[in-house]
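Novice: Below, each chain spelled out in residue letters.
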Amino acid sequence: MTHYWNPRIETMEISELEDLQFRLLKTLVYRLYSFSRFYHDRMDENGVHPDDIGSLEDIRKLPFMLKKDLRDNYPDGLFIAPQDEIVRYHVSSGTTGKPTVVGYTEQDLNRWTESLARALSSCGMGRGDVMQVSYGYGLFTGGLGLHYGAERIGATVLPASVGNTERQVEMMIDLKVTAIACTPSYLLHIGEVAEKMGISIKNDTRLRIGVLGAEPWTEQMRERIESWLGIRAYDIFGTSELSGPLFTECKEQKGIHIWGDLAYAEVLDESGNEVPPGKEGELVVTMLQKEALPIIRYRTGDITKVERSKCSCGRSHARIHRITGRVDDMLIIRGINVFPSQVEYALMEIPEVGEHFQIVVDRKGALDEMLVRVEVKKDSFSDKITDLMKIRSSVEHRLKNSLNVSCSVELVEPGSLPRFEGKSKKVIDARKI
Amino acid sequence: METDEYCIKQISVFSENKPGRLAAIAKALMEKKVNILAFSIAEADGFGVVRALVDKPEVAHSILSSLGFNVAFTEVIAVRMKDEPGGLYDIAEILGNAGINIEYSYAYSGKDGAVLILRVDNSKDAIEKIINLGATLLKSSRFH
Ligand SMILES: [Zn+2]
Chain A
42 MTHYWNPRIE TMEISELEDL QFRLLKTLVY RLYSFSRFYH DRMDENGVHP DDIGSLEDIR
102 KLPFMLKKDL RDNYPDGLFI APQDEIVRYH VSSGTTGKPT VVGYTEQDLN RWTESLARAL
162 SSCGMGRGDV MQVSYGYGLF TGGLGLHYGA ERIGATVLPA SVGNTERQVE MMIDLKVTAI
222 ACTPSYLLHI GEVAEKMGIS IKNDTRLRIG VLGAEPWTEQ MRERIESWLG IRAYDIFGTS
282 ELSGPLFTEC KEQKGIHIWG DLAYAEVLDE SGNEVPPGKE GELVVTMLQK EALPIIRYRT
342 GDITKVERSK CSCGRSHARI HRITGRVDDM LIIRGINVFP SQVEYALMEI PEVGEHFQIV
402 VDRKGALDEM LVRVEVKKDS FSDKITDLMK IRSSVEHRLK NSLNVSCSVE LVEPGSLPRF
462 EGKSKKVIDA RKI
Chain B
35 METDEYCIKQ ISVFSENKPG RLAAIAKALM EKKVNILAFS IAEADGFGVV RALVDKPEVA
95 HSILSSLGFN VAFTEVIAVR MKDEPGGLYD IAEILGNAGI NIEYSYAYSG KDGAVLILRV
155 DNSKDAIEKI INLGATLLKS SRFH
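Protein chains in written order, with my numbering: chain A, 42 to 474; chain B, 35 to 178.
The shape of chain A in the complex, shown without the other chains (with noise of 0.2 angstroms):
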């Protein structure tokens, strides 16, 4: 039998849910109208007033909002919700050098948490599993946000965070681990370490799902895992700027439930018009009942499509298929956001390399690893060996500050990285997922 964590929500007729999702679209433009100086003015050039909402339809008269936004306004100029309504702060890097800061009020961290109350429901868990949460606590959304909607269902919560993999494999054991939420490649990292250590996930653990994300993967891989680990994978979808992460397939696995009276999906071509049906195009978030930084037609930059039928499992609300690309060259490194732009930045900061670079990604098992090629400056070339590792070592240690992911680094001759060639050249991706 389907288990609904918010019955009445989650299998609302889809004509009584786009009521609502008008209603509650009105009252945010309303909101940010009045509240937003930003959003304000941002209407006004593009010759757009609240009144002009008539139906839910008309999201499209509205003009987006970009990470440069995010960004440009850096730290708090976005928020509309004074600082003593504010009960958290998220940060994230960002494009360049500047990171990105979400704030959340007590109602916004409850409908976070409501949101994967539900999501982790509709794939099977509740009262009585135990869930390894193996995504990063800290500045980063993961952690804390499964952390958060698995105790709201009544499951056991084992904040067991990245790393130290030997030990997460024992106490999957010894805690009788039932699921787990951390990017696909970190699971089967944990698979392949067990089996180092003499254990079978399928046969030695009571792990049955994985709730998996925060980076691109496969059809090919969940089959992979899901026969490999014996348990069933589901996709989870969410960035920083929406909360974290939100919406997870059901165990249907056909898609990922987008909450519709907690967000409203577009799926655009790159003039800005909605897709037909069944194509891809760039998907566009509106958070319709976010209160201390509201986001309106914000362009995730993500390629997916999206279905708006009705779901097998009961569940009235829209549907987006996994993830397949970017529309920018963003990379995803072990579930962390990196832009090629941030390494530029990083690198326009150290005076003994050059601004060009490269970047290889590779897969080392199931694990990602970033090499960056930098060109050691004519002026900063010294012949002792000890110099040249310190400036390798100090070049290491400002991306890792800059990326909040762990690099090594190349120094290669000056005038040897490409130059013109483009985005092509300056990263090589050769992972194969």
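Treat the hints as calculated values from the structure; they're not laboratory data.
Be aware that one or more of the hints could be misleading.
Unchecked claim - Heads up, incomplete: computed chain A residues facing chain B, CB under 10 angstroms, no partners named:
| hint | residue |
| --- | --- |
| 1 | E416 |
| 2 | V417 |
| 3 | K419 |
| 4 | S421 |
| 5 | I426 |
| 6 | T427 |
| 7 | R433 |
| 8 | V446 |
| 9 | S447 |
| 10 | C448 |
| 11 | V450 |
| 12 | L452 |
| 13 | E454 |
| 14 | S457 |
Every residue, glycine too, gets a C-beta built ideally from N, C-alpha and C.
Knowing the structure of chain A, use the given hints to seat chain B with the ligand on it.
Specialist: Only chain B with the ligand this time, still in chain A's reference frame:
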């Protein structure tokens, strides 16, 4: 004591550890008729520094720079060694007794016998100490 005449101009070239880099350096020097008297390669993980004593350091510097290499001049000194067992020991003992801190060294054995090339923190100080302790230093004029 006149120490300058014992300071020898070595060229140091940054090089990636990949096939053909040493050949590229050697070919450029050959085409400019620069004679390599001694060389060594210091290798780290992924890159290295090629160090060479050549007869025409200025010519070597300019041709390698023009080819895009990172080139630097480095001051080294050259100590004569006996070309027989114990030759290195004699010199090493002198350097140890004199408390000279060596950054790196390499040796070659040529028509003038065996020579130990040294890169030290303070060349002038090292030159005085080595001479006072009775070892023989080669003048830079023997190379360039
Ligand atoms: Zn469903």
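Novice: Take the hints in turn and mark each one as holding or not.
Specialist: Hints versus structure:
Taking 10 angstroms as the C-beta contact cut-off toward chain B, the hint placing A:E416 at the interface holds, the least distance being around 9 angstroms. Restraint check, A:V417 versus chain B: the minimum CB separation of about 6 angstroms is within 10 angstroms; hint holds. Below 10 angstroms, beta-carbon pairs count as interface contacts, and A:K419 has one with chain B at about 5 angstroms; its hint therefore holds. Checking A:S421 against chain B by beta carbon gives a least distance of about 9 angstroms; that is within 10 angstroms, so the hint holds.
A distance limit of 10 angstroms between C-beta atoms decides the matter here; for A:I426 the minimum to chain B is near 5 angstroms, and the interface restraint holds. Contact between A:T427 and chain B, as hinted, is supported at the beta carbon level, the nearest pair being about 9 angstroms apart and thus within 10 angstroms. Taken as an interface hint, A:R433 checks out: its beta carbon lies about 8 angstroms from the nearest beta carbon of chain B, inside 10 angstroms. Using the Cβ-Cβ criterion of 10 angstroms, the hint placing A:V446 at the interface with chain B is not satisfied: the shortest such distance is roughly 20 angstroms.
Below 10 angstroms, beta-carbon pairs count as interface contacts, and A:S447 has none with chain B, the closest being about 16 angstroms; its hint is therefore violated. The restraint placing A:C448 at the interface with chain B is violated, with a minimum CB-CB distance near 14 angstroms, outside the 10 angstroms limit. Of the supplied interface hints, the one on A:V450 holds, with its beta-carbon coming within about 9 angstroms of a beta-carbon of chain B, less than 10 angstroms. For A:L452, the interface hint holds, the least distance from its beta-carbon to any beta-carbon of chain B being 5 angstroms, beneath 10 angstroms.
Given the 10 angstroms rule on beta carbons, the hint for A:E454 holds: about 6 angstroms separates it from the nearest Cβ of chain B. For the restraint placing A:S457 at the interface with chain B, the shortest Cβ-Cβ distance is roughly 7 angstroms, inside the 10 angstroms limit, so the hint holds.
Of the numbered hints listed earlier, those contradicted by the structure are 8, 9, 10.
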